[in-house]
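Sequences listed follow chains F and X, in order.
Sequential numbering from 12 applies to the first sequence in the numbering used here.
Sequential numbering from 3 applies to the second sequence in the numbering used here.
It is worth saying that the hints were derived from the structure and are not from the lab.
Treat the numbers as computed from the prediction; the structure is a model and nothing was measured.
We treat Cβ as the ideally placed atom computed from N, Cα and C, and that holds for glycine.
Watch out, some of these pointers could steer you wrong.
To be verified - Take a look, some chain F residues computed to stay more than 10 Å from chain X by CB distance:
#1 G33
#2 D55
#3 S82
#4 P158
#5 H201
#6 A207
#7 G209
#8 I215
#9 Q227
#10 I244
#11 T282
#12 V295
What the hints assert, rightly or not - Here are the in silico distance ranges between beta carbons for each label pair:
#13 L27/X x L77/F: 24 to 30 Å
#14 V119/F x A39/X: 51 to 57 Å
#15 L16/X x T145/F: 54 to 60 Å
#16 G97/X x S82/F: 33 to 39 Å
#17 R34/X x L284/F: 49 to 55 Å
#18 S165/X x S14/F: 54 to 60 Å
What the hints assert, rightly or not - The calculated lysine-lysine pairs, modelled on DSSO-like cross-linking and capped at a C-alpha distance of 30 Å, are:
#19 K85/F x K18/F
#20 K8/X x K195/F
#21 K245/X x K231/X
#22 K195/F x K191/X
#23 K191/X x K180/X
#24 K245/X x K8/X
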Amino acid sequence: MRSLRWKIAGHALALLATVLLGGLFSATLVRLAPGFDVDERELDPHLNATSVQALHDARHQDESVLRFYFSYMKRAAHGDLGTSLALGQPVRTLLRDRAPLTLRLLAVGLGLAWMLTLTLALSAAWLRLSVYDTLTTVVSGTFLCLPAAVLALLSVLWNVPGSLAIALIVFPHTYRYARNLLVKAYSRPHIITARAKGLGEARILFWHVVPVVTPQLLAVAGVSVSLAVGAAIPVEALCGLAGIGQLAWQAALARDLSLLVNITILVTLVTLLANSGADVIGHVIRGQEA
Amino acid sequence: MSFWRKLACVVLALVLGASLAANWLAPAGYARQYRDATNAPPSRTHWLGTDEIGRDRFARVLYGTRISLLLAPAAALLSTLMAALIGGLAGYLGGIWARMAMAVTDLFMSLPWLFLLITARALMPLNVSPLVSVFVTFLLLGLLGWTAAARVLCTTAGSLRASDFVRQARAAGLPGRKLFWVHVVPNLKPVLYAQFWISIPVFILSEANLGILGLGVAEPMPSWGSLLKELEGLVSLGEEPWKFVPLILLVVVVTSFQFLLSRQEELAA
C-alpha cells in the first residue's frame with residue numbers, strides 16, 4: 012500500500028512537471044516561429060493609429076516567452092485561460108464547447124479499436140491456425156501502412172463515422188502487441204499442461220492467460236490513448252468535425268499562442284494521465300498477484 | 003533470407019529504380035501542363051491520366067516517389083544520428099545526463115507524434131519555394147523523430163557502461179572518449195540500424211499525412227502526400243480508380259519496409 016502511494020505521488024509529480032514543461036515548450040515554439048511578430052489586423056485601413064498601437068502593445072506583451080508563460084499560469088490558476096486571437100473567443104469556452112465531441116469520438120474509437128484488437132488477437136491465439144494468423148496480420152498490416160489522413164478521407168468518402176477511422180488507425184498498433192502477448196502467454200508450459208489435462212478454453216483464458224497479460228495490455232491501452240489523440244487531428248480536420256483536434260489544427264495554422272499552449276497542456280495531461288493510470292492499475296494487479 | 007524479404011527487396015529496388023529513372027520513363031516533367039487535357043482519364047499518352055490542371059499523373063507519381071524515397075531515409079539518418087549522440091552519450095555518461103535525456107524524451111513522447119509534427123510544421127513558413135518546403139518537411143521529421151530511438155539507445159548504452167568489458171577497459175586506463183567510440187558505439191550499431199529502418203516507413207507515412215493536410219511539400223513539387231491530397235475531391239470509390247495508384251504504391255513500399263524491418267528487429271534483438 013505504501014509503495015503504491017509513493018508510486019502515485021511520483022507519477023503525479025512527474026505528470027505536473029511534464030505538463031508545465033509541455034506548455035512552456037509549445038509557447039517557445041510559437042514565439043520562435045517566423046512571422047510571430049506580424050499581425051494582419053494592423054494592416055486594416057479602417058483602424059486608426061490608436062487602435063493599431065493598442066494591437067501592437069497587446070502583441071508586445073507576448074514577446075517574452077517566460078513573461079507570457081508566467082502571466083498565463085497566474086491567470087489560469089484563477090480559471091482564465093486567455094482569449095483566442097484567431098477565433099476571438101475565450102479559450103475556456105472554445106475548449107468546453109468542443110471537448111464533448113472529441114471525448115465521444117475518442118471513447119467510441121478506442122472502444123471499437125480494442126474490441127477489434129481483442130477479438131482478432133484472442134481468436135488468433137485460440138485457433139492457432141497459420142492461415143487465420145496470416146490473414147489477421149495482413150489485415151492489421153495493411154491498416155498500419157495507410158496514413159491516418161487517408162483513413163480520414165476514406166471515412167468521408169464512404170460516409171462512415173470518424174470514430175471508426177480512429178479505431179482503424181489505432182487498431183493495427185494495439186493488435187500487434189496484443190497478439191504477440193497472447194501467443195506468448197498461450198505457449199507457456201503451464202498453459203500447455205492445462206490444455207493437456209483437458210481444462211476448458213474459457214477457464215484457461217480467464218484463470219491463466221488474462222492475469223498474465225493484463226498489466227502489459229494496460230500499458231498498451233495507455234499508449235493507445237496517445238495514438239487516438241494524435242489521430243483525432245486529421246480525422247476532425249478532414250471530416251469537418253468541430254472538436255479539439257480541429258481546434259488544434261486551426262490554432263497551429265493561425266499561430267494562436269493562447270490556444271496552442273492550452274491545447275498542448277490539455278493533450279499532454281490526457282496522454283500522461285492515461286499512461287500513469289495504466290501504470291498504477293498494472294502495479295495494483297501485479298501487487299495482488301504477488 | 004525468407005521469400006517475402008527477398009520480394010520486399012526486389013519491390014523496393016524496382017520502385018526506387020523507376021523513380022530514379024523518372025527523367026527517361028516519364029512522358030514529361032512533373033510540372034508540365036497539358037491544358038487541353040485536364041482531368042483526363044488514363045490513355046496511351048497519359049498512363050494514369052492527368053490532374054485537374056492537366057499535369058501527367060504518371061510523371062508526378064514517379065517524381066513524387068523519388069522525393070519521398072530519397073528524403074525519408076535521409077531524415078531517418080539524421081534522427082538516428084541525433085538519437086545516437088543524445089541517447090548514446092547520455093546513457094554512457096549516466097547520472098544526471100541520463101536523467102536529463104530521459105526527461106526530454108518523456109516530454110516529447112507525452113505529445114502525440116502527429117500533434118507535435120503538425121504543430122511544428124504549421125509554425126514554419128508555409129509560403130516558401132517548393133524546394134525549401136521539401137527540405138523543411140523532411141528536416142523537421144529528422145529533428146523531431148529521434149526521441150523514441152534515443153530512449154532505447156540511452157538504456158542500451160547504460161547497460162554497456164556497466165558491462166564487464168567496459169569496466170575492464172576503464173580499469174586498464176583507456177580514456178573516456180576512446181572508450182565511447184571504440185567499445186560503446188560499435189556495440190550500439192545493431193540498435194542504430196534497427197532504429198534507422200524503423201524510422202523510414204514512419205517518416206514516409208508522416209510526410210503523407212502532412213501533405214494531405216496541406217502542410218507538406220509545396221506545389222508544384224510532387225510527393226506522396228501532395229499526390230494523395232487528390233483523394234479529397236473524390237465522390238465515390240469507383241469514380242476515378244486510377245487516383246488510388248499513389249496510395250497503392252505507398253502501401254506496397256511501406257509494407258516492403260515492414261518486411262525488411264522485421265529482419266532488422268531480429269538482428270537488433
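The hints, checked one at a time:
Against chain X, the non-interface label of G33/F is violated: not every CB pair exceeds 10 Å, the least being about 6 Å. Chain X leaves D55/F outside its interface by the beta-carbon criterion, the shortest separation being 20 Å against a cut-off of 10 Å. Every beta carbon of chain X lies more than 10 Å from that of S82/F, the smallest distance being close to 21 Å; the non-interface claim holds. Distance check for P158/F against chain X: the nearest CB is about 4 Å away, which does not clear 10 Å, and the non-interface claim fails.
With a minimum CB-CB distance of about 25 Å to chain X, H201/F clears the 10 Å threshold, and the non-interface call stands. Annotated as non-interface, A207/F keeps its C-beta farther than 10 Å from every C-beta of chain X; the closest such distance is 30 Å. For G209/F, the requirement that its beta carbon stay farther than 10 Å from each beta carbon of chain X is met, with the minimum near 36 Å. At roughly 28 Å, the least C-beta separation between I215/F and chain X is larger than 10 Å, which holds for a residue marked as non-interface.
Under the 10 Å C-beta cut-off, the non-interface status given to Q227/F relative to chain X holds; the minimum distance is some 18 Å. At roughly 6 Å from the closest C-beta of chain X, the C-beta of I244/F falls inside 10 Å, breaking its exclusion from the interface. Its closest Cβ contact with chain X, about 5 Å, brings T282/F to no more than 10 Å, contrary to its assignment away from the interface. Residue-level check passed: V295/F sits 22 Å from the nearest beta carbon of chain X, beyond 10 Å.
Checked against the hint of 24 to 30 Å, the C-beta distance between L27/X and L77/F comes to roughly 55 Å, which is inconsistent with it. For the pair V119/F and A39/X, the supplied restraint of 51 to 57 Å is violated, since their beta-carbon distance comes to about 45 Å. At about 24 Å, the beta-carbon gap between L16/X and T145/F misses the expected band of 54 to 60 Å. A beta carbon spacing of about 36 Å between G97/X and S82/F agrees with the range 33 to 39 Å that was offered as a hint.
Under the hint 49 to 55 Å, the C-beta atoms of R34/X and L284/F, about 53 Å apart, fit the expected range. The beta-carbon spacing between S165/X and S14/F, approximately 30 Å, falls outside the hinted interval of 54 to 60 Å. Of the pairs offered as hints, the one joining K85/F and K18/F holds, with about 29 Å between alpha carbons and a cut-off of 30 Å not exceeded. A distance of roughly 27 Å separates the Cα atoms of K8/X and K195/F; the hinted pair therefore holds under the 30 Å criterion.
For the suggested pair K245/X and K231/X, the alpha carbons sit about 10 Å apart, so the restraint of at most 30 Å is met. A hinted pair counts as satisfied when its Cα atoms are at most 30 Å apart, and K195/F with K191/X qualifies at roughly 28 Å. Proposed proximity of K191/X and K180/X is supported: the alpha carbons are some 16 Å apart, at most 30 Å. The straight-line distance between the Cα atoms of K245/X and K8/X is roughly 29 Å, inside the 30 Å bound, and the hint therefore holds.
When the structure is compared with the earlier hints, violations turn up for hints 1, 4, 10, 11, 13, 14, 15 and 18 and for no others.
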